[in-house]
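Given next are the chains, with one letter for each unit.
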Amino acid sequence: MRTIYYPLIIFFICAIIFSAVYSVSIGQVNIPFKQSMEILLHAITNGKIGSISNIESESYVNIILQVRMPRVIFALLIGMGLSLCGVVMQAVVQNPLADPYILGISSGASLGATFAILIGFGSGTIFSQFGVAFGAFVGAMITTIGVLVLSSIGGKVTSVKLVLSGVVTGALCSSFSSLIIYFANNAEGIKNVTFWSMGSLASSSWEKTPIMAVVVLFGCILFLFQHRVLNTLLLGDESAITLGINLSVYRKLYMMIAALITGTMVAYAGMIGFVGLIIPHIGRGIFGTDHKRLMPGTLLLGGLFLIWADILSRTLIHNVELPIGVITSVIGSPLFIYMIVKKGYNFGG
Amino acid sequence: MDLIVKEIETRVGKKEIIKNISVQVTKQQFVGLIGPNGCGKSTFLKSIYKSLIPHKGTVFLGDLDVLKSSPKKVSRRLGVVGQFNEMNFDLTVYQMVLLGRTPHKKMLESDKQEDFAIVEEALARTNLLDYKDRSFLSLSGGEKQRVILARAIAQQPKFMILDEPTNHLDIRYQIEILSCVKNLHIGVLAALHDLEMAANYCDYLYAIKDGEVYAHGTPEEVLTPTTIEALYQIKCQTYINPVTKRLGFAFQM
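One line per chain: the protein sequences are A and B, in this order.
Taking the numbering used here, the leading residue of the first sequence gets 1, the next gets one more, and so forth.
Taking the numbering used here, the leading residue of the second sequence gets 1, the next gets one more, and so forth.
For reference, chain B alone in the conformation it holds in the complex:
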């Protein structure tokens, strides 16, 4: 399903954080947003998934006008994996993932065999089958993030938004999570802070600076020393890693 975001402008308080950003994700691409902390990546994503209300712009997911539709309708098509998943109460991993079925349920409808099958599949995809009865709060950061991803998968979304999903995770979990999302073969818009991950997993990149699109294109087009220096104010050399044959980055410390 295609995501077409046009001319979004968002204020937080009185400060204008997003100044006219347009983004397109077509043909089940994995599209990345990069940019320094505070450039507005999260705010932009929040404006898409209705956590913040942009004062200008349109968001279309297929034929669905996201900003004008109910959260429930949107959540049937759009899954979100965010950064913060702290809570004060505990649920088991299974209950947590089962909550992903919420958008598809009427108020009084109970969970059916079909829902349990979907949850099992989501758990299998994220390697969490052995964790079913574990308590969510007892898990490590990487495991928690996998549970949240499993919940998003259980929503059976046609599109997924990831907001720095690999923050604070070590390399194994970073790869596990991004690979898992990639293998869903649905459109993805992800804010990423690791440039190597962005180069490896994304089909297309948007570089955001001060609430505007600074550059966009394929990873090779965007991830050049000049663009990186403009974005992060740090000198950088790019090279082709001799082992992986992929784009590598050498930063001046």
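So that you can see chain A by itself, here it is in the shape it has in the complex:
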């Protein structure tokens, strides 16, 4: 394992670059791989390498640079972000079943989005997209803070209290969402809520990229250097304190950061399930549990996975874009089952 770690990392980086180029060349308009490459090189090096003179159609440049590029970058960032938050949450609550949405973030964001779609800004206006993202983010943040406050009642924040508070808050938010949907007399809006909850990268754009990139990359860089504490987190409160690490402080801090990242991702791309749960496990199967190796590996794996999920969601059925949340589950589950069967992997434990 030790010897093939670096080659593996390099392999994943190459795979991501290759997949990204492939991803921008494919879609309703098929652009030859070589021309996509040239357009990208031309854009990245500001015209020094590659030329766009022998590209077949002017529109190719626009499709690639304005439509598909931000989408690939979004897929990469969200894949990285979700798997990052998955690893962190699993360590924080010491539970292999945890995912980025465990603290009720998903139901909080859903409630926010449902509110924005059905009551708040309505649908069909230019304002509505912003409204949904904003509503989801606010919903996610309020729930997280609620869960944190709830679980710190009566002293120490323990992982069991956290999970239970998350479940309770989640149930509360879900029932409010259902209530809103039940009384809403708006078939179109209800359809939008359903679509939103399945996750989509369709709204990716350059305007949204900077916020996303800053939040996700900040989180990645931060947690790449926290491998020591993350490893200690796995041992539980009692052992961690004897190793000089005050878990309850780190636990709160890490959760706040993970919640911020998840909230941002949910706001822009809806709920993309499963990635944050299975990619960390697949990562552990490949790289081991030590976070020093697990973290970089999982980030790359998550990015690569979501780029491919996005490619499949756009190409599986001609001219139809499937919800990416459906794709991640459909390709994720068999992959996960294969891991368990093939390697005797027992959920990191």
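For the record, the hints were derived by calculation from the structure and aren't laboratory data.
The reader is advised that the hints may include incorrect statements.
Here are the simulated lysine to aspartate or glutamate pairs, EDC-like style, with alpha carbons at most 20 angstroms apart [claimed, not checked]:
#1 LYS34(A) - GLU58(A)
#2 LYS191(A) - GLU207(A)
#3 LYS292(A) - ASP111(B)
#4 LYS112(B) - GLU58(A)
#5 LYS73(B) - GLU58(A)
#6 LYS144(B) - GLU58(A)
#7 LYS292(A) - ASP115(B)
#8 LYS144(B) - GLU238(A)
#9 LYS161(A) - GLU221(B)
#10 LYS245(B) - ASP210(B)
If you're wondering where the values come from, they're calculated on a predicted model, not measured in any experiment.
Keeping the supplied structure of chain A fixed, place chain B upon it in accordance with the hints.
For chain B alone, coordinates are given in the frame of chain A:
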């Protein structure tokens, strides 16, 4: 390094578990705590290693005020081997022991050759060199406990606290673990449930009952039929074992 614990009082919830216990460990002694289940041994030890916060009392380890110092500072001097070491994720034995270096590391510092050498030595002391790449969760109870001990040794502590370290272990592992700790030649405060082990390994004993020190002294002074009956509510005869020439106990079943 000397451990001086004075007038500790600890509540768990609203119940007062520790009512004024003072304990001293000097000159690298192996000091034992004995007493029935629920008498407050673990709670007392937790109050020392900062897992619980006592509402009264002081703990000094050398010149370090344990209760007022950061966990990191304390963990550079104090190693702990506890009872519960269950976890939901797996690490290799080597990674587990390497975590013992955590207190000596800054946030971004990576492990150096020196750390690996310390880990190797800790593994050698606990007879775990062949286990390096084994997964921690696949080990037996006795092996796990040795890994935890190796981790504590890798901390290079000046003092060690053991909370019933030989619980659920069979006799060979009990002796291995206690001998290994004894051979470290550092001060030790250990809660023990086996009176013969306590008599064999401890230089000094504190008998705890209902959150207070009931008796203290050398094993011969403390482990008398009257004290044992008062502690455990069971009739007991002590004798010198003809084979080992050590203190033996005959309980009335």
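Hints not upheld, ascending by number
Numbers 2, 4, 5, 6, 9, 10 - these are the hints that the structure violates, sorted from lowest upward.
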